[in-house]
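Number of protein chains: 2
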Amino acid sequence: MRNALLLPDLRELISDGHAAAVREFLEDYPPARQAELIEDLPAGEAEAVLRLLEPRARAEIVSYLDLDHQLELVEKMTPVDAAALLRDMPHDDRADLVGRLDADRAELILRRMAQAERDDIRRLTEYEAGTAGSVMTTDYATVPPFVSVREAIDHLRKEAPDRETILTSFVVDHQRRLIGTISLQALILARPTARVEDVMQADPIRAHVEDDREEVARKIAQYDLLALPIVDPSEMLVGIVTHDDALDILREEQSEDLLRFGAVDYDAAEADDDPGEEGIMTAVKRRFGWLLLLFGGGAITGVVVNTFGGVSARYPGIKFETFIPLLIGTGGNAGSQTVGTVIRGLALGDVDPRRDFARVIAREALTGLCLGLVLGPLGFVFTWLVMGGTPAFSLVIALAILGICVWANGVGSMVPMVARLVKIDPAVVSAPLISTLVDATGLMIFYTVARLIHRYLLT
Amino acid sequence: MRNALLLPDLRELISDGHAAAVREFLEDYPPARQAELIEDLPAGEAEAVLRLLEPRARAEIVSYLDLDHQLELVEKMTPVDAAALLRDMPHDDRADLVGRLDADRAELILRRMAQAERDDIRRLTEYEAGTAGSVMTTDYATVPPFVSVREAIDHLRKEAPDRETILTSFVVDHQRRLIGTISLQALILARPTARVEDVMQADPIRAHVEDDREEVARKIAQYDLLALPIVDPSEMLVGIVTHDDALDILREEQSEDLLRFGAVDYDAAEADDDPGEEGIMTAVKRRFGWLLLLFGGGAITGVVVNTFGGVSARYPGIKFETFIPLLIGTGGNAGSQTVGTVIRGLALGDVDPRRDFARVIAREALTGLCLGLVLGPLGFVFTWLVMGGTPAFSLVIALAILGICVWANGVGSMVPMVARLVKIDPAVVSAPLISTLVDATGLMIFYTVARLIHRYLLT
Chain A
2 MRNALLLPDL RELISDGHAA AVREFLEDYP PARQAELIED LPAGEAEAVL
52 RLLEPRARAE IVSYLDLDHQ LELVEKMTPV DAAALLRDMP HDDRADLVGR
102 LDADRAELIL RRMAQAERDD IRRLTEYEAG TAGSVMTTDY ATVPPFVSVR
152 EAIDHLRKEA PDRETILTSF VVDHQRRLIG TISLQALILA RPTARVEDVM
202 QADPIRAHVE DDREEVARKI AQYDLLALPI VDPSEMLVGI VTHDDALDIL
252 REEQSEDLLR FGAVDYDAAE ADDDPGEEGI MTAVKRRFGW LLLLFGGGAI
302 TGVVVNTFGG VSARYPGIKF ETFIPLLIGT GGNAGSQTVG TVIRGLALGD
352 VDPRRDFARV IAREALTGLC LGLVLGPLGF VFTWLVMGGT PAFSLVIALA
402 ILGICVWANG VGSMVPMVAR LVKIDPAVVS APLISTLVDA TGLMIFYTVA
452 RLIHRYLLT
Chain B
2 MRNALLLPDL RELISDGHAA AVREFLEDYP PARQAELIED LPAGEAEAVL
52 RLLEPRARAE IVSYLDLDHQ LELVEKMTPV DAAALLRDMP HDDRADLVGR
102 LDADRAELIL RRMAQAERDD IRRLTEYEAG TAGSVMTTDY ATVPPFVSVR
152 EAIDHLRKEA PDRETILTSF VVDHQRRLIG TISLQALILA RPTARVEDVM
202 QADPIRAHVE DDREEVARKI AQYDLLALPI VDPSEMLVGI VTHDDALDIL
252 REEQSEDLLR FGAVDYDAAE ADDDPGEEGI MTAVKRRFGW LLLLFGGGAI
302 TGVVVNTFGG VSARYPGIKF ETFIPLLIGT GGNAGSQTVG TVIRGLALGD
352 VDPRRDFARV IAREALTGLC LGLVLGPLGF VFTWLVMGGT PAFSLVIALA
402 ILGICVWANG VGSMVPMVAR LVKIDPAVVS APLISTLVDA TGLMIFYTVA
452 RLIHRYLLT
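So the sequences go chain by chain: A and B.
The first sequence runs 2 to 460 under the working numbering.
The second sequence runs 2 to 460 under the working numbering.
Possibly wrong hints are sitting among the right ones.
Put simply, identical chains are the same to the list, so a pair is met inside one copy or across any two.
Restricting the straight-line Cα-Cα distance to at most 20 Å, the calculated cross-link-like pairs of lysine to aspartate or glutamate (EDC-like) are [what the hints assert, rightly or not]: (1) K220 - D249; (2) K220 - E253; (3) K220 - D67; (4) K77 - D103; (5) K220 - E40; (6) K320 - D225; (7) K220 - D29; (8) K220 - E37; (9) K320 - E28; (10) K320 - E73; (11) K320 - D213; (12) K220 - D233; (13) K77 - D199.
Calculated directly from the structure, the hints in this document are not laboratory data.
Sequences are here, hints too, so could you generate the full structure?
What follows is the structure in structure tokens.
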């Protein structure tokens, strides 16, 4: 329990009905912490506590609750209360919440809000999932370029309660085009009579409203920004994405990569629920497509074994099938290692396929060669001494392993880079996909080596 | 090229020798952007440009260069110049840099620094890699609890140039114990005559110096912090970790998870180089251990095939080996999907093995059952119609696939949870590991089904 020590105290205060004491108790903690406490309360008590709080504080805490809790809460409220709550919530969070309500209910609530707020929510919910527009917020602070630093600070003091952040302010011209940013720190340090345009950061880093949200998060990480301004095609400022949202986006996107690498079809930007909370049927749906495709690959490998199986007659007394798991296992394992390394490089921007294609493949194939030069002889020893194979067949196994290691690393590095070149997310190139690709082709290497050794060594 | 448009302009200014123009040109961009431009210059020009800059600006830009560039630069400087540079750099970045210099060179440079600075660097380099201490910085701003808001702001104005951030200040008592935090935003909004202790956030979220750095980054994400205070065992404030460092840590740790999931042995906190830049021999070392272990697993699967192989005699005319790749492939793929899902849940904190152990396994096994109920019949059709198997053997394949799907999902969910319970990082449970674990056991299911069908249906 994350709040095992605090929760009983809070519940005692609630059951005693001391409104002021509950408020004071909560105020000692930051909003995210208060939200955790409230999530851990039984539903009835959680609502009672929220009702005790001052509207702005309530709205901020609600924005930290997980979306399911928020929904549950809003569905129990009257439309008037819900509208009041939405009014004070951060603009990105309330848009996400409204986007999850059913349309009739959302309409009822929106009708109770001022025109400007209603339009703001509608606009934010309309951006396509996964874009900068879908994650930005509109409650940012702007300052004109021609005011003094002192005036700007006074202005921000007044604006602060309605803004998600005043740590960075955005300087816009009379057409709302973005011309600069200025941090609160810079304002505090500047001469009070200086003009904002003389102390602002001109031509700031920005993103476009249609940009990929992962791109946005990466920019924030790269330039250590507190907030990244989002502009529309005419360079008008339409929103901002804050550093804490960037953290959430990166966590979601990177955990998406892990799922995809395991061959689960998942899009963090589209998914409503956490994969752990979804119904079994959703889980089946996410996995079935890949599993079916890979099943087809396995069937093809079976056909390969069937087709080339005649080769085994040339090695009397040796059961080829004993070695199939070892050979395809080694190929799959080496390929998985490589694909993981290359996908990571692509995700972090260290590998650019247009620049590095040949270099990366050569590097990986060489790594495979080194690994094969150790595993091959081990395969020889295992086949000869443990499984009682002939020296010639043991040599077949050793050479096949060597070839498979080189081949698997080559395929494992090439496929994700090709995916990126043809604009497919390389993260869909999963470990199972590479394993399956290498299964059939790896066995062909094996059968070919077996044939060649038979032809040139044994006859 | 990220700076294709700017770079020629900058180089022209440099070759013209206009120091002031170069400075002005660069000052238009944020430090991270300036660092990119400088990284893209030829080595000689980069140094020349840095020499033109004001010391503090230079130190900040250098802190944004990648570590290899930093090293190259410092190795060419005189110890006196290097000491001057380090004096102005963020404390965490300079400690990382000194940690990478060779010991003699570091000693030469440190000897030119003031005692306090030298001790600070030594202390920071001594924390074990991967701990909060190893990523924290010591250039944070503190304020006493009893001063007024106005005095605090005046104090911060003076401190700002030497501090990495004044966005959050840390309130400490006379023994330097952490008693609160206060944001610059809160100071600006507070009444100037209020006392700091009355407006600060008391009892703030904190981390301990020995905590895992991933834990630290996760706290910053969870509570939307700008900076997390780090305390020693006696609750004395010893450093802070900022939001931008949290982003970097999460990116590194999560890309580490991807590598480990592909069975590459990698520790982001320990690694000096990016895996894409490492020598082939390092790559081989990172992969060989797992590959060898999994090779052993493949060999064991071979022994299983050899041992149970006699069962095939009861199905005359059917080549068992044709179906081995399909069976072990399906097990490996289903297992990889599950292990990816469960590792993700564990990493995000959605799955707690002590609470969810049975529930998660049941859920995954049920998902496997659903998938097997579709793939099994497909296997029947493939075996009967495509490969010309008997109805009885086709039934064997169908039931084996069903059993393997349930089994693979069970194993794939159990193993990472057990790893967490015995305090092993679940991310070391890779897709290839689960595939290999399921290979031998999956085939045992197949042979057992074949025996049972033969005994009860065919005789």
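Status of the hints after comparison with the structure:
no.: 1; hint: K220 - D249; verdict: both (14 Å within a copy, 12 Å between copies)
no.: 2; hint: K220 - E253; verdict: both (16 Å within a copy, 16 Å between copies)
no.: 3; hint: K220 - D67; verdict: between (26 Å within a copy, 16 Å between copies)
no.: 4; hint: K77 - D103; verdict: within (13 Å within a copy, 65 Å between copies)
no.: 5; hint: K220 - E40; verdict: between (33 Å within a copy, 17 Å between copies)
no.: 6; hint: K320 - D225; verdict: neither (61 Å within a copy, 61 Å between copies)
no.: 7; hint: K220 - D29; verdict: between (34 Å within a copy, 18 Å between copies)
no.: 8; hint: K220 - E37; verdict: between (30 Å within a copy, 13 Å between copies)
no.: 9; hint: K320 - E28; verdict: neither (73 Å within a copy, 72 Å between copies)
no.: 10; hint: K320 - E73; verdict: neither (62 Å within a copy, 58 Å between copies)
no.: 11; hint: K320 - D213; verdict: neither (53 Å within a copy, 51 Å between copies)
no.: 12; hint: K220 - D233; verdict: within (17 Å within a copy, 33 Å between copies)
no.: 13; hint: K77 - D199; verdict: neither (51 Å within a copy, 37 Å between copies)
In the structure shown, a violation is registered for the earlier hints numbered 6, 9, 10, 11, 13, in ascending order.
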